[in-house]
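Engineer: Residue numbers (my numbering), protein chains in the order written: chain A, 1 to 266; chain B, 1 to 288.
The hints are simulated quantities; they were obtained by calculation from the structure and are not laboratory data. One or more hints might be untrue.
No farther apart than 25 Å at their CA atoms in a straight line, the calculated lysine-lysine pairs in the DSS-like style are these [as the list claims (entries may be wrong)]:
{"hint": "1", "chain 1": "B", "residue 1": "K137", "chain 2": "B", "residue 2": "K215"}
{"hint": "2", "chain 1": "B", "residue 1": "K101", "chain 2": "B", "residue 2": "K137"}
{"hint": "3", "chain 1": "B", "residue 1": "K215", "chain 2": "A", "residue 2": "K121"}
{"hint": "4", "chain 1": "B", "residue 1": "K203", "chain 2": "A", "residue 2": "K121"}
{"hint": "5", "chain 1": "B", "residue 1": "K203", "chain 2": "B", "residue 2": "K215"}
{"hint": "6", "chain 1": "B", "residue 1": "K203", "chain 2": "B", "residue 2": "K101"}
{"hint": "7", "chain 1": "B", "residue 1": "K203", "chain 2": "A", "residue 2": "K162"}
{"hint": "8", "chain 1": "B", "residue 1": "K143", "chain 2": "B", "residue 2": "K79"}
{"hint": "9", "chain 1": "A", "residue 1": "K162", "chain 2": "B", "residue 2": "K101"}
{"hint": "10", "chain 1": "A", "residue 1": "K162", "chain 2": "A", "residue 2": "K91"}
{"hint": "11", "chain 1": "B", "residue 1": "K79", "chain 2": "B", "residue 2": "K215"}
{"hint": "12", "chain 1": "B", "residue 1": "K79", "chain 2": "B", "residue 2": "K101"}
{"hint": "13", "chain 1": "B", "residue 1": "K139", "chain 2": "A", "residue 2": "K91"}
Here are the computed distance ranges between Cβ atoms for each label pair [unchecked claim]:
{"hint": "14", "chain 1": "A", "residue 1": "I174", "chain 2": "B", "residue 2": "G168", "range": "19 to 29 Å"}
{"hint": "15", "chain 1": "B", "residue 1": "N151", "chain 2": "A", "residue 2": "K91", "range": "57 to 67 Å"}
{"hint": "16", "chain 1": "A", "residue 1": "R251", "chain 2": "B", "residue 2": "E104", "range": "39 to 49 Å"}
Here's a subset of chain B near chain A, in silico, CB distances under 7 Å, partners left out [claimed, not checked]:
{"hint": "17", "residue": "F111"}
{"hint": "18", "residue": "F113"}
{"hint": "19", "residue": "D115"}
{"hint": "20", "residue": "W121"}
{"hint": "21", "residue": "L134"}
{"hint": "22", "residue": "L166"}
{"hint": "23", "residue": "C272"}
Just so it is clear, the structure is predicted and the values come from calculations on it, not from any experiment. Glycine residues also receive a C-beta, built at the ideal position from the N, C-alpha and C atoms.
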Amino acid sequence: MVPLVRSEAFLRIVSPAIAGAAIVLLWEAFCRAYQIPDYLFPAPSAIAATLVTDAQPLMRALWMTMRVALIAFALATILGTLIAFTFVQSKVIERAFLPYAVVLQVTPIVAIAPLIIILVKDTQIALIICATIIAIFPIIANTILGLRSVDHGLTNLFALNKANRLQTLVRLRIPSALPYFFGGLRISSGLALIGAVVAEFVAGTGGRSAGLAYEILQAGFQLAIPRMFAALFLITAAGIVLFVAMAGLSRLVLGEWHESEVAPET
Amino acid sequence: MTDAMRASAVEHIPSLNLVAAEPVRTRQESGEPVVEILSAEKIFANGTRGLDPIDLTIREGEFVSLIGPSGCGKSTLLKLVAGLSEPTDGRLFWWRGGFDKVGEPGRQMSFVFQDPTLMPWSRVETNVRLPLDLAGKSKAEAKQRVDAALNTVGLSDYRRHFPRQLSGGMRMRASIARALVTDPNLLLMDEPFGALDEFTRNKLDSDLVSLWFGKSLSVIFVTHSIYEAIFLSTRIVVMAARPGRIFGEMTISEPHPRDDSFRTSQRFAQLCRDLSGLLTEASLASSG
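Based on the sequences and whatever the hints tell you, model everything.
Structural biologist: The structure is reproduced here in structure tokens:
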């Protein structure tokens, strides 16, 4: 019988929950003790209250941002994988285009977002393009690495059995690449959300299609700081949900065989 | 020391008699050639002489071990036979023909690597079935053959396991099952048991030799171990290094099937001394 304090469930769930609750309580106590006004630094209770009273506009904003992030993430996954597959087919193609993929990666999205927003008439599409650009690189880089990281012995084994190109791709290269691909997916899901928020800040879209970034901007102008924190909280929560979803997907696919997902035997 | 060996030899006489009572098959030197290596040499891209011209014929039913100091090109030679690399000069024939003969009915070739080389994402049975899947065999036939191969190596109960759930010896067994699933006529093995402990290695050696005995199978076996080479082989080819070349040959006429009593017999000890002497000469002849 393992003592409660050292059990796996306790370490994974209960201990961070206690730490979080302690921080929130301290924060609340601090704000009340020093009577800090809401427009400077709101107490957790004020933020929670705003989350409830402003639930409708905040949720709509959250949905707008998530929609951009999710579409961009899907596009980055599809395009990134296709690009990676094209690159590994031929050294010439990779040498010719990989430098530009790197250029795309190192250029700050904040710097090119205004350009894209000017060039593309529909703001929503412009936002999706920005978020896709920022999210695509980890998928390309990781999938290429994965497709190239094939065990040398297995390559020989397939050659000895006279496997054709398609068989080698489907039965050897793709499975070898999966752990790397999922690593890329995890990073990329977070980047898609960051891309969506940053692009929205730059675009400053108001009206019906306003997202959480616009909510934060507006709240800042109006000194509605609790609402700003509430929007921030929603963005963070969305990021965590995306990350957990990707981790779960990775475990679902790799769980049975890959070292990164296999629980150590005790 | 000699007395101890004699004692153990005496001890095992009953089982030797038992062996002699069974139909004894000694493999003939006159079988059809399976692989003919005709002055094949290998010079690597960086100019290193991997192999001086080699002449070697492996006949049907032979169990030939390649042994020699490191860098003598035994793995290089095996790769040439496997068709994984081409000789810089000279020729190889498989069943008196080109490499396209390999894979025809009755002309199957399998390779067992130094590492188990299993696909970590596939269960044991899928790993073993791979050569049949790649060759496009029917599901029913594949299933029957996989069952037989797993049974031969004693892994029937572990078919649904993933490689990471198996011990080193069991992974190697899975690797051997995969080599056997095509019912090969020529089996190439590159130090397959080198990474295993001695006990497991002896067990797998015994299994391998009885397996070979039951089939019309030719084996080329690369090893570092004198004991392993003598226990298994009908013929041992000793190689020397820098440049890689054949230094000498030894025929082991001990009848098959061989069992543990051969390992402890005085003849075995004598053969070990002979081979060890030949290997020492080969090492001295390997400059550098």
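Engineer: Taking 25 Å as the top limit, are the C-alpha atoms of K203/B and K215/B close enough?
Structural biologist: Measuring from Cα to Cα gives roughly 19 Å; hence the hint holds.
Engineer: Going straight from one Cα to the other, do K215/B and K121/A come out at no more than 25 Å?
Structural biologist: 75 Å, violated
Engineer: Restraint: D115/B near chain A, CB-CB cut 7 Å. Satisfied or not?
Structural biologist: Status holds, d = 6 Å.
Engineer: Can you confirm whether the C-alpha distance between K101/B and K137/B stays at or below 25 Å?
Structural biologist: Within the cut-off at roughly 19 Å; holds.
Engineer: Holds or violated: is the Cβ of F113/B closer than 7 Å to a Cβ in chain A?
Structural biologist: 5 Å, holds
Engineer: Using Cβ atoms only, decide whether L166/B comes closer than 7 Å to chain A, and label the hint accordingly.
Structural biologist: Where the cut-off is 7 Å and the nearest Cβ of chain A is about 12 Å from L166/B, the hint is violated.
Engineer: The hint says 39 to 49 Å between R251/A and E104/B; measuring C-beta to C-beta, is that right?
Structural biologist: Holds - the Cβ-Cβ distance for R251/A and E104/B, about 45 Å, lies within 39 to 49 Å.
Engineer: If you draw a straight line from the CA of K137/B to the CA of K215/B, is it 25 Å or shorter?
Structural biologist: Given pair K137/B, K215/B holds - Cα atoms ~22 Å apart, limit 25 Å.
Engineer: Is it true that N151/B and K91/A lie within 57 to 67 Å of each other by Cβ?
Structural biologist: 45 Å, violated
Engineer: Holds or violated: are the alpha carbons of K203/B and K121/A at most 25 Å from each other?
Structural biologist: 74 Å, violated
Engineer: Taken at face value, is the distance from the CA of K162/A to the CA of K203/B at most 25 Å?
Structural biologist: The hint is violated at about 32 Å.
Engineer: Within 19 to 29 Å or not, the Cβ separation of I174/A and G168/B?
Structural biologist: 28 Å, holds
When held up to the earlier numbered hints, the structure conflicts with 3, 4, 6, 7, 8, 13, 15, 22, 23 and fits the remainder.
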